[in-house]
Amino acid sequence: MNGMSSLRVENLRWSWPGFELRADFEVRPGERLLLSGRSGSGKTSLLRILSGLEPASGNASGRIFLGGQEIQGWSPERRKIGLVFQDQGLLSAWDAVDNATLGWKVRGVSRTERESRIFPILEAWGLQESVSTPVTRWSGGEKQRLALIRAWVWKPSLILQDEPFSALDAETRSRVMTQLLAWHQESPVPLIHVSHDESEGAPWVTGRIVLKESGSVRSFVRE
Amino acid sequence: MKRLRVRLIQVGFALGFWNGIFLSAPSQAASARPELRILTYDSLAAPGGLGPEVVRRFEEKCGCRVRLLGVGDSGLLVARLRMDEERRKTSAHLVWGVDRWLWPKIQKYTEPAGSWQPERWNQIDPDYRGSVGFEGFLPFDGGALSLIIDRKHPGSQGIPGKISLGKLPSEIFRKRLILEDPRTSGPGLALERLSRQVFPDSSAYAEFWRGLRSHWLALFPGWSGAYGAFLKGEAPVVWSYFSSLAYHRAKAPQDASRYEAILFEEGQPLQVEGAFLVKGAFQSSPETLELARRFLNFLLSDEVQKEVPGRNWMLPVIRGTPLPAEFQKLPKPVRFLRLDGVAGVPRGGEFDAWLRAVQL
Amino acid sequence: MLGFGRSNSNLPGHCSGVGAPRTGAFFAAIFALLLWILFFATPVAAVLFRAGNSGPWDPVVGAVAWVTLRQALLSLTFSLALGVPLGLAVAWFLSRDSRTAAWARSSLAAPFGVPTVVAGLVGLQWMGQNGWLAQAGLPGVWAYSLAGVVAVHVLYNAPWIALVTAQGRWAVPVRELEVIRNIGGGAWARFRLAVLPRLSSRLFATALQVYCLCCLSFGLVLVLGGGPPVQTLEVLLDSRLRGSDLNWGSAAWAGTFQFGMTALPALIGSIWEKRRRSATQEVTEEGSGSSGVGALEVSGRRWLGGLVLALTALPLLPWFIFVLGALGNVWRDADFLLGLARAAGTSVTLSLASAGLTLLWVGLAHLGGRSHPRVHWILALIQGLPAGVSSLVLALGAALAFGRWVDPFEGAWVWVVVIQTVVALPWAYRALGPVLEKASLRELEAVRSGGASAVQAYLWVEWPRIRGSVRGVGMAVAALGLGELGAAGFFLGEGQAPLAVWVSRYFSQYRFEEAHAVGACLTVLALGGLLAARGRSS
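Chains as they are written, first to last, in the numbering used here: chain A, 1 to 223; chain B, 1001 to 1360; chain C, 2001 to 2538.
Think of the hints as simulated: they come from the structure by calculation, not from any bench.
Some hints could be false.
Over 12 Å on every C-beta distance to chain C, these chain A residues come out as not near it, computed from the model [said to hold, decoys possible]:
(1) 8
(2) 82
(3) 99
Partial list, derived from the structure: chain B residues whose beta carbon lies under 8 Å from chain C [to be verified]:
(4) 1076
(5) 1087
(6) 1350
(7) 1353
From the three backbone atoms N, C-alpha and C, an ideal C-beta is built for every residue, glycine too.
Between the sequences and the hints, there should be enough to build the whole structure, so can you do that?
What follows is the structure, encoded as C-alpha cells:
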C-alpha cells in the first residue's frame, strides 16, 4: 500500500570536491517535513540523491530505505519517488495533459483515460483555460502548479518538493496547499518540502529537517 | 603573425579573383582589328590543346583577332546554338569541333555555302567528306571507332579479334564492355548509328539494344570517363578510337601488343569533327565572312592538319598528311561506315526508340 | 484567471521593438522577394514558358521518374537506418566541448561538401570491378547499378544524418530526462517522450533534404549508375537539354516532374516545420552543446572517445586516400601548377562569392521576416522552394530569360554565382534560420537600454553568437559551389574555367594523372574549407 512506507536515511555520506553532504533521518508515512536552509547548502542535492538522479562519485556511502527496502543502488525509475523540480522541468514537446499525466503515460494509460481523469484536477487548480496553450508559454505560476500535479497524481511512495510555491501568489498558494493537504490525507506517504523560506508552508508542516554546518561538512538531521 | 597570414590569404584570393574572372577575358583590350568569334568544345580550346595553337598561327597570318570560347562538350555546342536561336542573337561566327553525326541538327544553323568551296575540299579523304559537295560542314579531323581490348586483363581471354555487331550481346562480353551513351557522347552516337545501319528493322534494333543493356558493365556519359575506367581495369573492352592504340604505343612502345582493336565484320563507324559558319552571323560584315572562310581554309592547310594527331589524338582529313610513327600502323577495318549511309534522322525524340529499348 | 505574463508572439524577435526597426525589416523583405523573383522565379518560369508547348506525355519520363523515386527512397532509408543509430550512439561524445569532439563533428559534416566529380571517382576506386573492395574479395558487381548509386549516396548522407541526430539528442535538456526517469520512465520512455520529439522535426527536415538531393543526383548517377536503366530525371534532362538528343519539350516534362517530386515535399516539409516550431517553441530553449546528453553518464572513458573519433572520421578516409593517391610527379610540372593555380583562383572566387551572396540573401530574408509573422512565413516558404530545381534547369532558364544581355564570350560569372546561390539557398536558410531566430532578446534589451544603437547591440550580442554558424554555412555553400558544373558550362566566358572543368579537360586529353591531381585539389579545397570553418567555430 502506498501510504504505509517510510523513508529512512542511514549515515548517508556524499562528497564533492570541497563539500561533503551527510544525512541521517527518518520520515514516517503521513509526515510532512520542511527542509530549509540558505541557497547552495545542498538541499537540492539531497533530493537528487534520494531520487537516484545524482550519480555517486568519490566516496559515497550510507543506506536509504523506502518502505523497508533498501533503494540505494536502484535506478531512479524503480524508486517510485515523486520529485517536484525547482525549475519544473516540463516537457516542451508535449502538451499540458501529457505533462500532467506523465506518470500514467509512461505506464501506458491511454490518452482518453488520462484526459478524463486529469481534466477535473486541472480545472480545480485553475488551469483549464491554458490547457490548449503550449506549456512553454505558460506563466511561472502555472508551470509550478502543473509540476505539482504531475508529481502527485500517479501516487508515488515518497514526495519530494523543491521550492514548489516560489512563483505562486499568496492566494494561489493557499488554494494549492489545501488541495495538496487533501491529497496527502488520502495517500499519506512521507513528504519532504524544501524551501529557503522558514515560514513557507507553516500551516501544514508536521516537522523539520535541519541543516548543520561544520566546515565543509553539511549534515541533514531531524530536529 | 596570424594577421599577416590572413592578409596574405586575402591578397591571394583577390589575385585569384582578378586573374580568374577578369584578366582572363582578353576582350578588355579594345582592338580595331577585325574579330572572329569561334565556339568550340572545351578540350579543344583548353591550353595545351590544338585550339590555342591554331588560333595563334592564324592570328599571325590574318592580322585579326580570334576569340575561342570552349563550352563543355560537343553536345553543348548544339545547345548554345539553340540558345542563340531563342534569344535571336548570334554570338559566334564559326563553330569548330562539332560531330558530323549531329549534322541533321545543326544544318539549320549553318550559313549556306552557296558556290563557295574550301580550297582543298577535293583533297579530303572521301571517307570523311562523303560523296556530296560542300554543304557548309567542313571536316577537319576524324577517326574510326572500334572496340579496344586490353589483352592483359584477365577477362579478355577468349574474346576474338573480329566479331559481328549482332554478337556483342553474347555471354563472352557479359559485364566486360564499357560503352558510351549515344545521347551525350560522340563515340556512343557513332555506335548507335552503326547499329541503325546494321539493324534497319526497328524490332531487330530494339532487340539488339535490349540485349546489350544486360551485357555492358557501364554506359558512361562520355568517352573520357569510359576510357578512364577501362584504364583502371574495370573491364577488358571499351568502345573508343583507333587512335587510342596510337596513344598506348606512344606511351609504352615496349608493350605495343597489349591493346588491340576488335573489328566488326560490318565495318567501323567514323567520327568526323568539323567546322561550319553560323547562319546570320555575317549579315552586316562581308569582310568577316571572308575572314571566316580563310579560317576554314586554314583548318585544311598542312600546317594545321599535321598538328592534329599530336595535339588532338585524331587523324587529319587531308589525304597524304604525314603522320607520327605511332599513328602509322593503325588497324585496317573491313570498311568504314559512310556518313551518307544513315540519312533522314528524325528531328526531336530521335532517341526515343533507343531509350525505350534500354529503359522500359 | 491566474494566467499572466504570457507572451503573445509566436516567434521570438517578432515585433519585439528590439533589433531592426520595422521599416528596415519591411524593405529587407521586399528586397529578398525581389531577389527571389529575379533569380529563381523568372528563370524557372522561362523554362516552363518556353517549353510550354511541349509534346505529349513521354512514357520514358515516367519510367525514369520511377527509377529516380525508388533510388531516392532507398538512399534515404539506408542513410537513416545507418545514420540515426550512429548519431545516437556517438551523441554523448559529439556534445562535448572539446577539440576532438569538434573534429568529430566536422568530419561527419564534411563528406557532404565533396564535389560529385570526385565522389564518382572515389566510388569507382572502392566499389569498381577492379576496386579495392573487389580486390579484398568482396563482389564488385554492385558498382554500375542501383546498388552502387545508393551505396555512395548513403556514404554521403548517413554521416550528415548522424550529426543531425546527435544534435537533436544533445538538444534534449537533461532535466527532461530526469523528470521522466523520476516518474518511472525507462530508456524507451525517455527516448519516446524527450528524444524523439526533438529528433523528429530535425530529422524530418534533413530527410527531406537528403531525399531532394538524391532525386537531383547527377554526377554520381552518371558514373555509378551504369547507364540509362539507372538514371535520374536530372540525367534525362541533361541529355535532352544539351546532348545530341536535344529535345526541350521532353526536358520540360522531366523538369516539371522533378520539380513536383522535390518541391512539393519540400513545401509540405517547411509548412509542417513552421507549424511545429510555433507550437512548441522548441527552438528557443535548445541549449548549446553543454545542455548535453551525458557528460554525467560517460565521463572519463578516454578509449571510448578515441574509438568514436575514429568511427566518425571513417567517412573521410576514402577522400583522404584519394588525395594521397594524387601525389605524383605532376606536382613538379610548372605549367600544370600555373594552370591549376589559375583554375583554383576562379573556383575559389566563384564559390566564395556564392557563399557571400547566399549569406546576404538569408540575412535579408530573415530580417524581412521580422516585419510581420505572415511575411516571415511566406519568405520561409519560398526560400524552401528551390530545393526542387537543379542548377542545370536554372542555368537554362537564366540563359533563356536574361541571355539577351549576356555576351557568351565575355561570360557572365555573376550568373554562375547566382545559380550556385539559389541551389544552396534552401539548405542555408534552413541551417541558419533557427540560429538567427534564436535572438537573445534579454541581452539585446539590456544592451539597448544601456544606450547602444541597434547596430551596436547586434554586433555585441548577436554577432558573437551566430558568427560560428554563419562561417560554417558559408563554407559549406562554398564547398558545394566548387564542384558545380551546370551553370559554369552555360555562363563562363572565354578562358574562364574552374577546377571542375579542368578535371574533364585533362581526362579527354588522356592526362589521367593531372585529372586526378585536379580532383584532389578540389577535394582539399572543399574539405579543408569545411573543416577549418567548423574547427574554428567550435
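Status of each hint after checking the structure:
1. 8: 20 Å, holds
2. 82: Per Cβ check, residue 82 of chain A is inside 12 Å of chain C; nearest 7 Å; violated.
3. 99: Incorrect as stated: the minimum Cβ-Cβ distance to chain C is 9 Å, not above 12 Å.
4. 1076: With Cβ-Cβ at 5 Å, under 8 Å, it holds.
5. 1087: 4 Å, holds
6. 1350: Cβ of residue 1350 of chain B sits 7 Å from chain C, so the hint holds.
7. 1353: 10 Å, violated
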